[in-house]
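Asks: Listed below are the residues making up each chain.
Protein chains: 2
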Amino acid sequence: MMQEKGKLIVISGPSGAGKSTVVFKAIEGREDVCFSTSVTTRKPRPGEVDGREYFFVDPDRFKEMVENDELLEHAEYVANSYGTPRAYVEEKLDAGLNVLLDIEVQGARQVHEKMPDAVKVFIIPPSLEELEKRLKGRGTDTERAIEARLIRARQEYQEADFYDYLIINDDADKAAKELSAIILAEHCRFNDRKEYLK
Amino acid sequence: MMQEKGKLIVISGPSGAGKSTVVFKAIEGREDVCFSTSVTTRKPRPGEVDGREYFFVDPDRFKEMVENDELLEHAEYVANSYGTPRAYVEEKLDAGLNVLLDIEVQGARQVHEKMPDAVKVFIIPPSLEELEKRLKGRGTDTERAIEARLIRARQEYQEADFYDYLIINDDADKAAKELSAIILAEHCRFNDRKEYLK
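Chains as they are written, first to last, in the numbering used here: chain D, 1117 to 1314; chain Z, 1117 to 1314.
One or more hints might be untrue.
The list treats identical chains as interchangeable, and a pair is accepted whether it falls inside one copy or across any two copies.
Listed next, the in silico DSS-like pairs over lysine-lysine satisfying Cα-Cα at most 25 Å (straight line) [as the list claims (entries may be wrong)]:
no.: 1; residue 1: Lys-1314; residue 2: Lys-1249
no.: 2; residue 1: Lys-1310; residue 2: Lys-1290
no.: 3; residue 1: Lys-1310; residue 2: Lys-1208
no.: 4; residue 1: Lys-1141; residue 2: Lys-1208
no.: 5; residue 1: Lys-1290; residue 2: Lys-1314
no.: 6; residue 1: Lys-1293; residue 2: Lys-1141
no.: 7; residue 1: Lys-1121; residue 2: Lys-1293
no.: 8; residue 1: Lys-1252; residue 2: Lys-1314
no.: 9; residue 1: Lys-1208; residue 2: Lys-1179
no.: 10; residue 1: Lys-1310; residue 2: Lys-1249
no.: 11; residue 1: Lys-1179; residue 2: Lys-1159
no.: 12; residue 1: Lys-1208; residue 2: Lys-1230
For the record, the hints were derived by calculation from the structure and aren't laboratory data.
Okay, chain D solo, but in the shape it has when bound:
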């Protein structure tokens, strides 16, 4: 078989949907999957290594990256900027690695526009009632923060129509199997393999 290019897999979904659990179960033991590393203007914390947790850059360099279209998506968060470096992602994909990107819907839409081939997966809990229950169960958020998360989830649901796949996380093992199947199936796309027909 010829070396197949990796796939960029964009994962989104409300906080409390159980995304991380599903993703880690899906990629357990796989060496063909990696996470993307973001660029940020935030200062490194003790123990953080440039190129491992983040690529740390100053605001001028970040601005330049945005202007030169070096980022697949970017956003502001608590006075700092974060973005996904296009060159880094493409290097991994060219090496045959699937790159996972766990980002919010707005960032995912930017990626979708710049790289339409990216596989977009939206992971949700079985219902918003269940989401509320899970958020309350975690005990990490105030009532008001939970209310804000639910409003945000509802809003993201409205804007999610450009995703390719929707995984309902009512059972993490089942959801992980679905995510694995999606990654494998996407590697079987006719257009990616049509060289074999020559």
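Since chain D is already given, all that's left is putting chain Z on it; use the hints.
Replies: Chain Z alone, transformed into the frame defined by chain D:
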């Protein structure tokens, strides 16, 4: 989870690609997959049961089915007509069953036009040289018949551009895993599940 509709899975590929082996490995033990039953004008052979091997109809009824758009595809073969009954397929899909349809490229194109949502999978051997080797190895065809099969395969390769997936059968277990993944992934399509976002 709400009852999900089944998927129509169209499988094609040259004779000698090992389609049947891949398909049987992929659906082994699954109760959510069935094969379609064709309509034919050919006379039943001893032991054949109407509605099991085929739905047996006379040429007038077949003609009427074509005119009434009751067939998803149809073709002539050795003076007999064969077709896929739309109502039968839709009944299975509505019951949540995935329906497999093993047909040639021309028939697949007809299905594609009448039911664009059908999942089209093309299964091929690693190369045409390998196909030739396999056909010779089977020892069931004359030299001339093998030559005709190879010409036909080459022609089908040229016309296969509307398929969604391409499976290279260099290893039947791997190919079967890919087919299973495709079926599972197709059930995770955003548009089929967006009811959950309401």
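Asks: Checked against the structure, which of the hints given earlier come out wrong?
Replies: none
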